[in-house]
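**Q** With chain A fixed as given, assemble chain W onto it according to the hints.
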Amino acid sequence: QKVSVEVLDHLEHLALVDFRDWEGVERLQKAIQFADQLQEVNTDGVEPMDSVLEDRCLYLREDDVTEGNCTKELLENAREKVEEYFVAPPGNIPLPKLEERETFLQGS
Amino acid sequence: LAPWIPVVGLEIHAQISSNSKLFSGSQVQFAAPPNSLVSFFDASLPGTLPVLNRRCVEAAVMTGLALNCSINKKSLFDRKHYFYADLPAGYQITQQRVPIAVNGSLSYSLCIDNKMSQMVTKTVRIKQIQLEQDSGKSLHDDARSQTLVDLNRAGVGLMEVVMEPDMCCGEEAAAAVRELQLILQTLGSSQAVMAEGQLRVDANVSVHHPGEPYGVRTEVKNINSIRFLAKAVDYEIQRQIEELENGGIILNETRAYDSKLGCTVPMRDKEGKQDYRFMPEPNLPPLILYDAKSLPANMNHQQVINIDWIHERLPDLPRVRREKLVEQYGILPEHSFTLLNEDGLAEFFENVVKQTQMKPKKVIGWILNDLLSYLKEHSLTVKESPVSSFLLADLLNLLEKKEISSTAAKRVLAELWKGEGKTPLEIVKEQKLELLQDQKELEQICQEVIDGQEDE
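Order-wise, the sequence lines are chains A and W.
Numbering follows full-length UniProt numbering, with no gaps: position 67 of the first sequence is 67.
Numbering follows full-length UniProt numbering, with no gaps: position 325 of the second sequence is 325.
Chain A on its own, in the form it takes in the complex (with noise of 0.2 angstroms):
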């Protein structure tokens, strides 16, 4: 049961993962077919786990301010910046259109 394109597009769109080539298309298929072996097992009225830190405590921290105050530091990653405020485009650009992307999606 292949991906549809439809859903490929979907998960480019969300994800912004590209799928260039057919390798990555294939990769994707063998990825969904090795998690699929789970539909093997029979878990007729197990709890499900998400997570295996279900038994671990979660450590609460005291209300105490003990970090921030390194402006300089974080700002060393930014492109651009104006007056120590990070600069970014105008909203979401959005994924261009399928046939102006050099996408898999493009030959099928």
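A portion of the hints provided could be inaccurate.
What the simulated footprint calls covered on chain W by chain A, stretch by stretch (three residues with Cβ under 8 angstroms from a Cβ of chain A suffice, anywhere in the stretch; the number is not a length) [said to hold, decoys possible]:
(1) 26–40
(2) 44–57
Derived lysine to any residue pairs resembling SDA-like cross-links, with alpha carbons at most 20 angstroms apart [as the list claims (entries may be wrong)]:
(3) A:K81 <-> W:S145
(4) W:K74 <-> A:R61
(5) W:K354 <-> W:L340
(6) W:K74 <-> A:V46
(7) W:K74 <-> A:M49
(8) A:K81 <-> W:L139
(9) W:K221 <-> W:C263
(10) A:K81 <-> W:F40
(11) W:K383 <-> W:G419
(12) A:K72 <-> W:F40
None of these hints come from the bench; they were simulated from the model.
We treat Cβ as the ideally placed atom computed from N, Cα and C, and that holds for glycine.
**A** For chain W alone, coordinates are given in the frame of chain A:
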């Protein structure tokens, strides 16, 4: 034309009042230099991990208890993914599957026909309360086609309170939010000042005909005050009704309230239905809370949150405080409503009552009619009042002892507002406002007046 039933639900984000953020130790403070209150975790630098702030959990438990919720002894954290410049990690840590509190209720009061004397109590169900991170702030610079990002707010703890669609108009929504605001401020779990972004409200609005299923709902954002909340909701209800009556349809969209134009407009940047790809937060185990029965024996008490302990220490909520004021001082319910609606007014009233012999039922008139209207006229808060409770009590004592008349008292009060530091007695003497008690003196004055008349 068949009648329309409007349906209004609310999603309210209250910033938790704490020293540091939900998952990091950077400071929570309004209006600090940009990006100065940001830790490596807040900036989503690799190799950092979330560490839960105990105070934030306590704030959420307090709020849940005050809203009659069931507190989930086990709640979970999840990641909600979306891309935006002020969300450096590309996801928000929230509680989507099992939030900390569920199934509560909030009672609030409304005046019928704007008459304070006819108040009715309504209830709205609280679906849930969840802990989540706030995002940073985006400043849009349209001129230079760029957005400036300040992460000071990124990671601040929020309580999202979800109110079921039990409300039917702007007035109900506003009253419910006002009561929630008072509760949060009484608990201290949030300062809930809307102007500083500590309380943000999104409204979900739809309309339908009686007997038919609920209509398509729109989400209204960018509501910056309780007054605008009422206006935005009422506008949206009207817009939807008009649209449907003209044969149009309602889109399931997000709209922004424009306070200048008094209308809602579709929001850009919200393309269709978002897929947030919720997944469990892999770095945080479940949050376990205890009560008196389940308290573990050998745990470090700093690591244990006891719901019963918190419950025992809840302060009197506004509703209880109002009832106590009515009972203790014999004032009317609508009086206690106004007393609690103005920050500091109830304390002012009680201080005056303590310092005067005048009955509370009479004092309340001076507080609500004279003091409050003056403060409103000059846009002052109770704290900023040039007339202290001490001075007012002093004045009311003169009135009570019949040393001055009621009219004279109002004149003295007018003088006191100037805040020139004079005592009521000094003003009375200056303006010769003393009531004459001496019978002989009164007879003499009357005689002089009569004599004066005869001369003409």
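**Q** None of the hints should be skipped; say for each whether it holds.
**A** Hint by hint, here is what the structure shows:
A stretch counts as covered by a chain when three or more of its residues have a beta carbon under 8 angstroms from one of that chain; for the stretch 26–40 of chain W and chain A the count is 10, and the coverage holds. Look at the stretch 44–57 of chain W against chain A: 8 of its residues bring a Cβ nearer than 8 angstroms to a Cβ of that chain, three or more, so the hint holds. Between K81 of chain A and S145 of chain W the CA atoms are separated by roughly 14 angstroms; this keeps the pair inside 20 angstroms, and the hint holds. At roughly 18 angstroms between alpha-carbon atoms, K74 of chain W and R61 of chain A fall within 20 angstroms of each other, so this suggested pair holds.
Between K354 of chain W and L340 of chain W the CA atoms are separated by roughly 18 angstroms; this keeps the pair inside 20 angstroms, and the hint holds. Annotation: proposed proximity of K74 of chain W to V46 of chain A holds, straight-line Cα distance about 18 angstroms (limit 20 angstroms). Between K74 of chain W and M49 of chain A the alpha-carbon distance is near 14 angstroms, which keeps this suggested pair within the 20 angstroms criterion. Using a Cα cut-off of 20 angstroms, the hinted pair K81 of chain A and L139 of chain W holds, with the two alpha carbons roughly 13 angstroms apart.
For the proposed pair K221 of chain W and C263 of chain W, the alpha carbon gap of about 12 angstroms is at most 20 angstroms, so the pair holds. For the given pair, K81 of chain A sits about 18 angstroms from F40 of chain W by alpha-carbon distance, which is consistent with the 20 angstroms threshold. For the suggested pair K383 of chain W and G419 of chain W, the alpha carbons sit about 14 angstroms apart, so the restraint of at most 20 angstroms is met. Distance check on the hinted pair: K72 of chain A and F40 of chain W sit about 12 angstroms apart at the alpha-carbon level, within 20 angstroms; holds.
Checked against the numbered hints above, the structure violates none of them.
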